[in-house]
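Engineer: Residue numbers (my numbering), protein chains in the order written: chain A, 1 to 170; chain B, 1001 to 1281.
One should not assume that every hint holds.
[Said to hold, decoys possible] Cross-link-like lysine-lysine pairs, in silico, DSS-like; alpha carbons within 27 Å at most: (1) Lys-9(A) / Lys-1024(B); (2) Lys-1275(B) / Lys-1115(B); (3) Lys-1049(B) / Lys-1101(B); (4) Lys-1169(B) / Lys-1252(B); (5) Lys-1024(B) / Lys-98(A); (6) Lys-138(A) / Lys-1215(B); (7) Lys-1049(B) / Lys-1115(B); (8) Lys-1136(B) / Lys-1250(B); (9) Lys-1169(B) / Lys-1092(B); (10) Lys-138(A) / Lys-1250(B); (11) Lys-138(A) / Lys-1101(B).
Simulated from the structure, these hints should not be mistaken for laboratory data.
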Amino acid sequence: MAKGNVLNKLFAAGPLFLLYYLSISEVDTNLEKLFEVFSLNLQIIIIYFWIIKRPNLMGTGHIFFAGLINDVVMGFPLGISSLSYLVVCFFGNYVRNKSVNTTIASDWFTFFIALIFANLLFFSLLNNFSDITTTFTKIGYNTFFTLFAFPIFWLLFNLYQMSFIGSQDA
Amino acid sequence: MSVSRDDFSIAFRSALLQRGASHKFSIFSLIILAIIIFFLDVYGFQAVKTTRSFINDLVYRVTYLASAPTRLFPGINQGIASHFNLKEENEKLKEVIERYKALELNLEYISNENKNLKKVLDIEDVQSVSNVVLAKVLVDRNSPFLKSIVINKGSKEGIIKGMPVTQNKYLIGRIVETNYLSSRVLLLNDLNSRIPVTFDTSSTQAILTGHGTRKPTLEYLPEGYIFEDDITVFASGKDGIFNAGTPIGKTKDNGEVDLFVDPNQLSFVTVNLIKPTKEVF
Chain A
1 MAKGNVLNKL FAAGPLFLLY YLSISEVDTN LEKLFEVFSL NLQIIIIYFW
51 IIKRPNLMGT GHIFFAGLIN DVVMGFPLGI SSLSYLVVCF FGNYVRNKSV
101 NTTIASDWFT FFIALIFANL LFFSLLNNFS DITTTFTKIG YNTFFTLFAF
151 PIFWLLFNLY QMSFIGSQDA
Chain B
1001 MSVSRDDFSI AFRSALLQRG ASHKFSIFSL IILAIIIFFL DVYGFQAVKT
1051 TRSFINDLVY RVTYLASAPT RLFPGINQGI ASHFNLKEEN EKLKEVIERY
1101 KALELNLEYI SNENKNLKKV LDIEDVQSVS NVVLAKVLVD RNSPFLKSIV
1151 INKGSKEGII KGMPVTQNKY LIGRIVETNY LSSRVLLLND LNSRIPVTFD
1201 TSSTQAILTG HGTRKPTLEY LPEGYIFEDD ITVFASGKDG IFNAGTPIGK
1251 TKDNGEVDLF VDPNQLSFVT VNLIKPTKEV F
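Could you build all of it, start to finish, from the sequences and the hints given here?
Structural biologist: Okay, structure coming up:
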């Protein structure tokens, strides 16, 4: 029984562990060696999915902290990733409060709005207040690929949730 | 109508201010905290700078450790492959040695000639070989927005912002951030990288501009300039940051520059401890 509890806790900590690992390790989803413009913000997908489905697994403090770590590793001004993650988190919370049951299509649509806001905030803060500049094209590609990867990860995370955590929605 | 507005405001307020068992902080308070941290960092308060430098050193070490598995697997793969290719590799190495022997003779002749010419010109050799620091790449995580690497040497070794970084004497970038035990190097292919360069027989001047893609391009060329393939591009040194004559790459006929060093394959780099004469980045 106790062993089962530990396993359940480990599986429940999986999404948070993945979020931290993606922020701190060299593992990146910027597969430019394969396809030059391909870049993906997997952290945002993780945050949005789990905030909508299982908010108790993804604490806001952890999201904030993962953002700070990501900024240090990437070399961005501190707090910029945290802000964009928290914007996604806010949209996720709002959608969860307003909807009774969600589908992949409704999640995809609301994710699009959250992603646009988060990336716009990231772009405007980075370009206007820091020494680093980036282009609309780069942000655009990132938004595009993140948006189109969302359903794939939605299905994967849903499978993970049903297999290891339990199928009940938040 | 008023009911739906109420619903909206309740959901909005709840999303922003709600706290619970796993949400010890409200999103609103964390957003405010993130904004404060962001502006303190951007406007460079000394206390924040010191804290950031300390956090950077700590996080880079943890990142290096956390990335060990991803580095280990390609290493094992390579080891097995190289074991099976030993004979072939041995023959290739013999050929390379022969080629280097020939080059060495040529080099000796050229350096003698160079010394004699310098004597004629009465120029002092200003660069000392000991004026470099060899550093290991700690983090080379690819960001779509910033092409940089983190090395394991920092201000403790005398590294300061703006110093040129090379690998095998080929320019790869410059220092843009220093911590006590680590530094960040902005690579030549980054969107923010601009290097004055010179190339071809008529010493054409241009700016090597990164675009965040694999190959930077040559800009601000003389009007009507026609690109030719395979011409070596050197740093011109006009910015007071890079050594004049440091090789960078070869031109392509579309204006791109094929860098001598692949920015995605860096393991050890050399920081040239030359104090830049201009403030950079």
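Engineer: Run every hint past the structure and note whether it holds.
Structural biologist: Verification of the hints:
no.: 1; hint: Lys-9(A) / Lys-1024(B); result: 19 Å, holds
no.: 2; hint: Lys-1275(B) / Lys-1115(B); result: 25 Å, holds
no.: 3; hint: Lys-1049(B) / Lys-1101(B); result: 50 Å, violated
no.: 4; hint: Lys-1169(B) / Lys-1252(B); result: 21 Å, holds
no.: 5; hint: Lys-1024(B) / Lys-98(A); result: 22 Å, holds
no.: 6; hint: Lys-138(A) / Lys-1215(B); result: 16 Å, holds
no.: 7; hint: Lys-1049(B) / Lys-1115(B); result: 46 Å, violated
no.: 8; hint: Lys-1136(B) / Lys-1250(B); result: 26 Å, holds
no.: 9; hint: Lys-1169(B) / Lys-1092(B); result: 24 Å, holds
no.: 10; hint: Lys-138(A) / Lys-1250(B); result: 26 Å, holds
no.: 11; hint: Lys-138(A) / Lys-1101(B); result: 47 Å, violated
In summary, the structure is inconsistent with hints 3, 7 and 11 from the numbered list given earlier, while agreeing with the others.
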